[in-house]
Structures are given as C-alpha cells and as structure tokens.
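Chemist: Using our numbering, the first residue of the sequence shown is number 45, and each one after it goes up by one.
FYI, nobody ran anything at the bench for these hints, they're computed from the structure.
Take the hints with a grain of salt, since some may be wrong.
[Said to hold, decoys possible] Under the rule of at most 16 Å between Cα atoms (straight-line distance), these lysine to aspartate or glutamate pairs were calculated in the EDC-like manner: (1) Lys219 with Asp238; (2) Lys185 with Glu205; (3) Lys142 with Asp163; (4) Lys185 with Glu201.
Model, not experiment: these values are computed from the prediction.
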Amino acid sequence: LPTNTYMLFLLAASPPPLRRAPPVVLSSATTAKSALRAALAASDGEPKAPEVLAAITELEPFNAPEPALSPLWAGDWRVITKPDFPDSLGRDAAGRYKFSLGRASFNMFAPQLLPVAIDSILNPSSAPAPGSPGAYEVIVKLDLLLPDASPLAATMENVAECTPVDGNPGRMAVKFGGGCLRPADGAPSEAWRDTFAAPGSSADLSRMQRFQLWVARRLFGLRRAEEVAADGTMTYEMPRAPEGYLDILFLDEDLRVTRGNRGSIVIAERLPG
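Let the hints inform the model, and build the full structure from the sequences given.
Modeler: Set out below in structure tokens:
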C-alpha cells in the first residue's frame, strides 16, 4: 500500500488503465517469477513498466488460493520495486532515490523540505486471526541529508491493521493508524535535536497541503508530534484513519505482489529466516 501513494491517508478514485506489453505464456511459477525479476531489473525497479505489468499478468494464475486468508501473508518482507513517493529529487552518488522529508512522510514530519535518501523499505506483516486484525508495516530506512553536516541515519515507521475483505479472499483491507520517525542508532545527536526543533511545523507546506492536514485532523483525528521524545522519536496518530485495500496479485513462499486502491504496485521478497 504502501506503503507507498501520494496521499496515503486520503481516498481517491481508481487509476486509469495501464499500458501493458503483449503477454507471453509461461509454464510454471518458477519461470514466471524469474521473468518478473528480469523485467523489474530491466526497468530499473519501475513496477508500472509495460514489461513488468505483462510479467505480473503471467504470474497471477500461480497465485496462492485465497491469498488474503493464507498464512503465507505473514513474514518479513523487503520491497524490491523503487520507492513510490511523489516528486523524486533524483539520485545520490550511491544510486539511492532522493525525496523531501515532507513527500516521503506524507507531510507528517518537518522540516518538510529536508532532502532524504532512501536505503531500503521493509514490509513486515502478520496474519489476521478470527476477531483480530493482522499487522502491516512500512518501515523506511533512510538518511537525512543535512546541508552542512554528515547525514543522519533514520528509521520511519508507518503501522497499519489489515483484515481480509468479506467476500473477496484476494483483497486485504488496510488502515494506517500512526507511525514515527526516530534515529536509526537509537540515540539522538545534537544535530538530530537541532534539525527537529519544530517537528510539528507547517511552515514549508503549500496552502493545499495545509488544508489537507486540516481535513485529516478534523475527519481522521490526526495528531502530529509537537516535540521530540527523549530518545529522539517523533510520532503521529490517526485513530479514525480511512480504510484502503491491497489486491494480492501473487503470493507464495518468497514473493508477494500487491496493488493498492490508488493503483500503486509493490513487489516484495521474503527475507530469510
């Protein structure tokens, strides 16, 4: 879901149809997964490239039965598609995608214009139980690129509940209720505290972005951090968050492909262990 959309917390209409390359019939899940990985590598991680969409189409017939109910959903996953945040600032010397902190955090944390470089995105999930939702997390490992100092390693976490949709065992409802930004090493430096002296500031936001936050506060109960905790953590909460969903296009022991209600496609591989 992603993890991964221009306004994670606002519902929107379905996306327009995507252009797909002509399908090629493949004989097994192993062959189809290899073809998908090859297409993803050739497209530089872009999940909506025509060759990637065609490879996903060929993989879908090998999906797990009723994937939203499958125990295969649970586990530690790493996203292998490129980050799906808006307005990329290009790449750094190491090839990492860069964004502003505001765009990467959906304006939850300030300073919004501070550049960040994305190291990796993890997607741990737990299976729902009868009467109890599962957990769905988007954990972003990143560097904060300070203008006159060394980068600060940080971890941004977004936490959601997930529940299979009644009558559709291939769809998982997802509701993000909060998250945090914290130092990756667990100890806030002086530079960290200086950088986040005003974590709840909206000074860098456009009038539209401020309006969107106002709507989120009124409708969804959004509460943004106004100060930094002793351990350097800043949090946000949204107790009445809107519900989105993920269609599980493919799921097995080592690969998961989902499409969110806003059309974002996330391909993740299961981490060993």
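Chemist: Now look at each hint and say whether the structure bears it out.
Modeler: Verification of the hints:
no. : hint               : in the structure
1   : Lys219 with Asp238 : 33 Å, violated
2   : Lys185 with Glu205 : 21 Å, violated
3   : Lys142 with Asp163 : 10 Å, holds
4   : Lys185 with Glu201 : 9 Å, holds
In the structure shown, a violation is registered for the earlier hints numbered 1, 2, in ascending order.
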